[in-house]
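Enquirer: Each chain, written out:
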Amino acid sequence: MSSHREAPGIALDPVADSADLYAFVSPDDASTVTMIANYVPLQLPPAGPNFYEFGDDVLYEIHVDNDGDGKADVTFQFEFHTTMNDDSTFLYNTGQITSITSKAWNRRQSYSVTRIDSKGSHVLGKDLACPPCNVGIRSIPNYAPLTVEATHNLAGRVRVFAGQRAEGFYVDLGSIFDLGALRPFQELHLIPLPAAPGVNAPAILNVHSIAIQVPIDSLTASGAKPAASAADATIGVWTSASRQKATVLDSEAKTSAGPWTQVSRLGNPLINEVIIPMSRKDYWNTQSPADDKQFASHYANPELAGLLPVLYPKVFPNLAALDAAKTARADLEAILLTGIPSGIVPGFQNYTGAVQADMLRLNVGIPPTKKPSLLGLLGGDPAGFPNGRRVFDDVVSIELRAVAGLTYALVDSKYSPDAAAGEIYDIENPATFTPAQLSQIGESYQSRFPYLSDPHGGFQTPPKTP
Amino acid sequence: MPEITRRSFLKQGGATAAAAGALVATPKVLRGPASKSAHKAGAARTTTAAARKATAAHNLVVHVPDTRTDEVRLLVGDREVVLHDRDLVSRLSRAAD
Chain B
1 MSSHREAPGI
11 ALDPVADSAD
21 LYAFVSPDDA
31 STVTMIANYV
41 PLQLPPAGPN
51 FYEFGDDVLY
61 EIHVDNDGDG
71 KADVTFQFEF
81 HTTMNDDSTF
91 LYNTGQITSI
101 TSKAWNRRQS
111 YSVTRIDSKG
121 SHVLGKDLAC
131 PPCNVGIRSI
141 PNYAPLTVEA
151 THNLAGRVRV
161 FAGQRAEGFY
171 VDLGSIFDLG
181 ALRPFQELHL
191 IPLPAAPGVN
201 APAILNVHSI
211 AIQVPIDSLT
221 ASGAKPAASA
231 ADATIGVWTS
241 ASRQKATVLD
251 SEAKTSAGPW
261 TQVSRLGNPL
271 INEVIIPMSR
281 KDYWNTQSPA
291 DDKQFASHYA
301 NPELAGLLPV
311 LYPKVFPNLA
321 ALDAAKTARA
331 DLEAILLTGI
341 PSGIVPGFQN
351 YTGAVQADML
361 RLNVGIPPTK
371 KPSLLGLLGG
381 DPAGFPNGRR
391 VFDDVVSIEL
401 RAVAGLTYAL
411 VDSKYSPDAA
421 AGEIYDIENP
431 ATFTPAQLSQ
441 IGESYQSRFP
451 YLSDPHGGFQ
461 TPPKTP
Chain L
1 MPEITRRSFL
11 KQGGATAAAA
21 GALVATPKVL
31 RGPASKSAHK
41 AGAARTTTAA
51 ARKATAAHNL
61 VVHVPDTRTD
71 EVRLLVGDRE
81 VVLHDRDLVS
91 RLSRAAD
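First to last, the protein sequences are chains B and L. Quick note on this note's numbering: the first sequence kicks off at 1 and runs consecutively. Quick note on this note's numbering: the second sequence kicks off at 1 and runs consecutively.
Hints in this document: simulated from the structure, not taken from any laboratory. Some hints here could point you the wrong way.
[Unchecked claim] Not everything, but these chain L residues come out facing chain B in the computed CB check (under 10 angstroms):
#1 Val61
#2 Thr67
#3 Leu74
[Said to hold, decoys possible] Reference listing, derived: stretches of chain B covered by chain L, where coverage requires no fewer than 3 residues with Cβ under 8 angstroms from a Cβ of chain L:
#4 243-253
#5 391-402
Yeah, the Cβ is synthetic: ideal placement off N, Cα and C, and Gly gets one too.
Taking the hints into account, I'd like the entire structure generated from these sequences.
Expert: Shown next as C-alpha cells:
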C-alpha cells in the first residue's frame with residue numbers, strides 16, 4: 001500500500017507507521033494548504049475491547065521545506081495523551097457516546113500541536129480532543145457530529161483534526177503483491193488467470209489521521225502566496241514519527257529516555273514500498289530527505305521497471321529495451337526527487353532545485369481543479385499527484401504508468417512508451433472514473449476538512465472476503 | 001549482586017561519572033534528528049517533547065554499547081550524553097557480572 005507496513009521494522013510498530021501523506025491546496029479554501037498524515041494502518045473496524053489510538057510515546061511530525069534543500073523550515077509536532085474516566089471497567093465506553101465530552105466514553109486521547117520555524121517553537125493548541133473510534137451504531141448512533149466537534153479552529157486560521165478516519169487509499173493489495181498481478185490484465189501475466197475486476201483491499205478499513213490546514217502564506221519562504229510560475233511556488237512536505245532512544249519496561253510503567261529517533265517517514269507514496277530494496281527499508285525510514293542522494297540509484301533504475309517486462313511478456317518491449325540499456329530514469333528522478341522543471345509539461349512546474357530529496361512537492365500557486373482527474377498530472381490535471389497528493393488521487397496507477405515508461409518520453413522525445421504503459425491500472429480505469437464514482441469500490445470522501453470520511457463502524461462493518 | 005551492593009555501586013558510579021565528566025574534554029550531547037543537521041527547524045523541536053517528558057527526566061538510562069570500549073551513553077530526558085571513561089565501563093561491567 002502507499003506506505004502501510006512497508007518496511008520490516010515499522011511493520012512491527014503500527015502506531016508509528018506512517019501510512020499515507022496528502023498535501024493539496026484546499027478545494028474549499030484556496031488560500032490554504034491541507035496536509036494529512038495517516039498512521040496506524042489497516043484497522044479492522046470491529047476492534048474491541050481495545051480500539052486503535054495514537055502513541056503517547058511517539059512524536060508525530062509534518063515537515064515543510066520551502067527553499068528546496070530537503071530540510072524542514074516549518075515543522076508541526078503532534079503529541080498525544082491518553083486518559084481513562086473509569087479504571088474499573090474493561091469497556092471502551094459504558095454507554096452511548098453522543099459527544100466528545102460524553103462521560104460514557106472511557107478511554108480518550110487529546111493532543112497538542114506545536115509549530116517550529118526559524119522564529120522558534122510556538123504551541124498552537126493543547127488539550128485538543130480526538131474523536132472516539134467508531135465502535136458501532138449502538139455506542140455511537142451518529143458519528144458525523146463527533147467529527148465536527150473534534151475539528152479545532154486555532155489562531156492564525158489553522159484548523160486541526162486528529163483521529164480515526166475511513167481509509168481513503170485504494171489498491172488491489174492482494175493481487176499486486178502476488179507476483180505483480182493486475183487483475184484486469186492478468187490474462188497477460190506470466191502466470192495467467194482470466195481477467196477480473198480489481199479488488200479494493202482497504203475498502204472496509206480505517207486509519208488514524210493527523211490533519212492540519214494552514215494559510216499558504218504561513219508556509220512559503222516569501223510569506224506570500226506565490227504565482228504558479230514563481231521559483232518559490234513549490235513546497236516539499238513529508239511526515240515522520242520518532243521514538244525515544246531507550247524504553248524501559250516494568251510492571252508499573254513504561255519509561256522512555258533519550259533523544260527522539262526517527263523510525264518512520266513518508267513523502268511520495270509507494271517509495272519505501274516498491275523502490276527501496278527490503279534490506280535498506282528500515283534504514284531509509286531513519287533518514288532525512290536532505291540525505292536522499294544516497295538512494296538515488298534506486299529511483300533511477302527501479303527494480304519494478306525491470307520486472308514488468310518479465311511478468312507481462314511481450315507487453316512492454318520498449319520498456320524492456322530501456323531496462324536492457326540500463327538507462328537512468330531521469331523522469332522518475334525528476335518526479336520523485338527534485339520536482340518537474342518548467343518546460344517539460346506545458347504550463348507546469350514543481351521544481352525545488354537540484355537537491356535530491358523525497359518530498360511530496362506541491363506548487364501552491366496552482367489552484368484546485370473543479371473537475372479533477374484521478375490520474376492527476378498524467379490526466380492533464382495539474383492540481384493532482386505528483387503535484388502534491390489529494391485524497392482521491394489514484395497514486396498506484398499513476399506510479400505504475402510512470403515506472404512502466406509513460407513519463408520517460410518527457411525527457412527523451414525519441415522514446416515511444418509501450419501502449420500498455422498508458423493503460424494499466426489495478427482496480428478501475430482512472431481515465432474514465434471520477435472521484436465520486438470511487439464509491440463503487442467502497443471509497444468516499446468529504447468535500448470539507450478533514451476530507452477523509454468518517455470511519456467505518458465496528459458493528460456495521462463485518463469482515464468479508466471478496 | 002545483593003541490592004545494597006548495587007546501590008553502593010551506583011553511588012560510586014555517579015561520583016565517578018561526575019569526575020569523568022570533568023576529565024573528558026567535551027562530552028558529546030545528542031538531541032535526536034537535529035544532530036543529523038536534517039532539520040533547520042530542529043533546534044527547538046525538543047522543547048515540547050522535553051516538557052511532556054518532565055517526569056521522565058528523572059530517569060537515567062546508562063547504555064554501554066560495547067564493554068570492550070570506553071564509551072558510555074547516558075540517556076536522560078530527551079538528551080544523550082556520550083562519555084569516554086574506561087574505568088566507568090569496567091565498574092559497570094563488574095557490577096553486571
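Enquirer: Hint by hint, note whether the structure agrees.
Expert: Evaluation of the provided hints:
1. Val61: Hint on L/Val61: holds, closest Cβ of chain B at ~4 angstroms, below 10 angstroms.
2. Thr67: 17 angstroms, violated
3. Leu74: Cβ of L/Leu74 sits 9 angstroms from chain B, so the hint holds.
4. 243-253: holds (count 4)
5. 391-402: That given contact is violated, which follows from only 0 residues of the region 391-402 of chain B lying within Cβ reach (below 8 angstroms) of chain L.
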